[in-house]
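S.K.: Each chain, letter by letter, is given below.
Protein chains: 2
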Amino acid sequence: MSHELDFVDELRRRFPARSPVHTGIGDDGAVISGHESEQTVVVTDMMLDGVHFDLSQTTAELAGRKAIAVNLSDLAAMGCRPTAAFISVAVPGLAASRSLLSSVYDGIERLAEEYQFTVAGGDTNAWDGPFAINVCMTGVPMGSRAILRSGAQAGDLLAVTGPLGGSLGSGRHLTFEPQLKTARQLIEHVSIHAMMDISDGLAIDLHRMMDASGTGALIDSNLIPIHQDVPGTLSAAEQRHAALTDGEDFELLIAVSADQLAKLSQARVCELTEIGVVTQECGCRISVDGATQPMVPGGWQHS
Amino acid sequence: MSHELDFVDELRRRFPARSPVHTGIGDDGAVISGHESEQTVVVTDMMLDGVHFDLSQTTAELAGRKAIAVNLSDLAAMGCRPTAAFISVAVPGLAASRSLLSSVYDGIERLAEEYQFTVAGGDTNAWDGPFAINVCMTGVPMGSRAILRSGAQAGDLLAVTGPLGGSLGSGRHLTFEPQLKTARQLIEHVSIHAMMDISDGLAIDLHRMMDASGTGALIDSNLIPIHQDVPGTLSAAEQRHAALTDGEDFELLIAVSADQLAKLSQARVCELTEIGVVTQECGCRISVDGATQPMVPGGWQHS
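Line order of the protein sequences matches chains A and B. Here the first sequence stands for residues 612 to 914, numbered as in this note's numbering. Here the second sequence stands for residues 612 to 914, numbered as in this note's numbering.
Fair warning: there could be bad hints in the mix.
Chain copies aren't distinguished; within one or between two, either way the pair holds.
Stated by the list, open to error - Distance condition first, Cα-Cα at most 25 Å in a straight line; then the derived SDA-like pairs of lysine to any residue:
| hint | residue 1 | residue 2 |
| --- | --- | --- |
| 1 | Lys874 | Glu725 |
| 2 | Lys874 | Thr735 |
| 3 | Lys792 | Ser781 |
| 4 | Lys874 | Ala848 |
| 5 | Lys874 | Pro842 |
| 6 | Lys792 | Arg623 |
| 7 | Lys792 | Gln839 |
| 8 | Lys792 | Asp900 |
| 9 | Lys792 | Pro631 |
| 10 | Lys792 | Asp617 |
| 11 | Lys874 | Thr844 |
| 12 | Lys874 | Thr786 |
| 13 | Lys874 | Gln668 |
| 14 | Lys874 | Asp822 |
| 15 | Lys792 | Leu711 |
None of these hints come from the bench; they were simulated from the model.
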């Protein structure tokens with residue numbers, strides 16, 4: 612929503628993390644530490660009819676699938692595998708609610724089978740409003756601990772796990788595969804400094820990672836991988852702009868040392884596309900056709 | 612909602628608990644086991660404008676308070692103290708949303724201070740629908756493990772932590788104190804076989820505990836404590852009926868051995884009201900003016 616970044620900052624100031632919470636508001640998920648070596652990670656996302664999907668255009672099964680998949684993407688971004696899902700739904704009226712719910716849960720069940728988590732609780736309500744679904748998921752680190760977005764270091768390389776742009780227009784936002792497998796491969800092979808998923812578009816999400824890390828970034832616009840869902844009828848500049856700003860890509864953005872990225876490249880375990888570097892100087896910049904300029908949430912300032 | 616019990620049963624069959632989930636759908640919360648001795652409990656409740664509160668009659672602060680308090684009540688029912696809350700909201704439009712949200716979070720903050728948990732994450736969205744809020748909370752057992760509703764044993768006594776009825780009519784459902792302190796006192800002094808909170812009315816919730824435990828119950832209607840919020844203008848029978856069926860009491864229902872209840876009574880740590888016994892024979896019965904009859908979700912069959 613409008614001003615969401617400001618609002619999240621306000622909430623973070625208002626609700627500092629108390630033990631046993633290790634990392635609270637502001638990352639893809641929260642980290643709760645139990646025993647010293649054991650972390651539980653919690654993520655949550657609410658999806659609303661007319662905002663995140665449109666039930667007049669989309670099946671309820673895909674709506675249920677998306678509600679889970681965006682949370683799985685958050686867990687992947689934290690370097691975690693899922694353990695349990697808690698699903699609250701508000702369904703309009705009573706007449707068609709049972710078949711609607713049944714379809715929503717069909718979409719959920721497929722991902723529960725594929726990624727082996729338990730639907731362990733929830734809340735079901737009827738009301739006069741549109742369909743709404745909230746999913747809260749728990750997970751545990753695939754490696755020794757959760758990976759935060761705040762660990763990027765000056766000199767790190769920035770990379771993404773796949774091409775960006777065109778997700779909403781193509782409907783890919785309903786069917787994307789959360790990057791759990793890639794996250795596992797990365798964690799098994801290299802040490803990652805920072806990771807997050809690209810949900811609001813690289814131009815916004817890169818700022819979030821750099822702000823959290825106290826660093827800046829310099830991106831080369833020519834290196835940004837453009838998804839085939841971005842219409843080929845657009846100009847080259849428009850395509851890069853779409854890749855930066857469309858959002859709902861649910862690929863991972865990673866900050867990793869050059870050594871580790873080279874190691875990964877040699878091992879050929881997964882495809883990463885290098886897009887830029889982390890800088891000591893704060894702020895995000897982008898080079899477009901040889902000229903470097905500030906990167907803004909809308910991409911870059913067109914001259 | 613209508614048929615919610617059936618629907619919960621269907622979900623429970625569809626989504627059996629997978630490791631590390633120990634107890635899934637069907638209790639006040641789910642139990643996730645990490646290390647063998649360490650359990651995390653997760654509860655969730657969604658609250659909707661026009662269903663669980665009415666923002667044309669109630670402050671947003673009380674709506675936020677209730678959304679947290681019902682989850683704290685679920686944690687108390689599991690014998691757990693809260694650790695973290697995850698809050699998703701859908702707010703109508705954009706114009707008044709910031710002040711609405713600020714008031715909602717005022718109500719949340721008071722309980723976070725009082726019960727010392729962290730607001731550790733969430734999701735904020737604007738839409739064309741009414742105000743909706745989902746809270747998911749994590750907690751840890753106050754004793755050695757979470758207390759389920761499935762542990763009642765034939766011969767146990769049934770008791771409640773306070774008077775019932777009149778909660779919705781009086782507005783108490785917005786201001787009630789979750790029974791965390793009482794739960795702690797109980798756990799410190801005695802061994803409890805089963806516990807749950809009374810949210811849909813004793814007549815419904817007692818069935819849930821007995822079904823989960825594979826037992827039955829015989830309740831004495833004269834023993835049911837009637838809240839002063841139940842109008843005194845009602846007949847004695849109507850008052851008992853209100854206490855059984857009004858719901859949203861958020862007192863705790865407890866199954867405990869007679870020995871343990873006597874020990875508690877001697878220690879005078881908290882007030883419990885004995886209302887009946889757990890029976891080997893399944894089904895819930897109630898004695899009304901000397902005659903025993905089946906207890907139904909609506910209370911009892913009036914002749």
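S.K.: With 25 Å as the alpha-carbon cut-off, assign the pair lysine 792 and aspartate 900 to within, between, both or neither.
M.R.: neither (34 Å within a copy, 65 Å between copies)
S.K.: For lysine 874 vs threonine 735, is the C-alpha pair at or below 25 Å within one copy, between two copies, both, or neither?
M.R.: neither (48 Å within a copy, 39 Å between copies)
S.K.: Reference check for the pair lysine 792 and serine 781, CA-CA at most 25 Å: within, between, both, or neither?
M.R.: Only inside one copy: lysine 792 and serine 781 sit 23 Å apart there, 53 Å across copies, limit 25 Å.
S.K.: With 25 Å as the alpha-carbon cut-off, assign the pair lysine 792 and proline 631 to within, between, both or neither.
M.R.: between (29 Å within a copy, 20 Å between copies)
S.K.: For lysine 874 and glutamate 725, with the copy left unspecified, which applies at a CA distance of at most 25 Å: within, between, both, or neither?
M.R.: neither (30 Å within a copy, 50 Å between copies)
S.K.: Check lysine 792 against arginine 623 for me: Cα-Cα at most 25 Å, and say if that holds within a copy, between copies, both or neither.
M.R.: neither (31 Å within a copy, 28 Å between copies)
S.K.: Are the CA atoms of lysine 874 and glutamine 668 at most 25 Å apart within a copy, between copies, both, or neither?
M.R.: Neither: 45 Å inside a chain and 62 Å across chains, both beyond 25 Å.
S.K.: What label fits lysine 792 with aspartate 617 when the C-alpha limit is 25 Å: within, between, both, or neither?
M.R.: neither (33 Å within a copy, 36 Å between copies)
S.K.: For lysine 874 vs aspartate 822, is the C-alpha pair at or below 25 Å within one copy, between two copies, both, or neither?
M.R.: Classified as neither: same-chain Cα gap 27 Å, cross-chain 57 Å, threshold 25 Å.
S.K.: How would you label the pair lysine 874, proline 842 (within, between, both, or neither) given a Cα cut-off of 25 Å?
M.R.: neither (35 Å within a copy, 75 Å between copies)
S.K.: Within, between, both or neither: how does the pair lysine 874, alanine 848 come out at a Cα-Cα threshold of 25 Å?
M.R.: neither (33 Å within a copy, 78 Å between copies)
S.K.: If the cut is 25 Å between Cα atoms, do lysine 792 and glutamine 839 qualify within a copy, between copies, both or neither?
M.R.: within (22 Å within a copy, 58 Å between copies)
Checked against the numbered hints given earlier, the structure breaks hints 1, 2, 4, 5, 6, 8, 10, 11, 12, 13, 14, 15 and satisfies all the rest.
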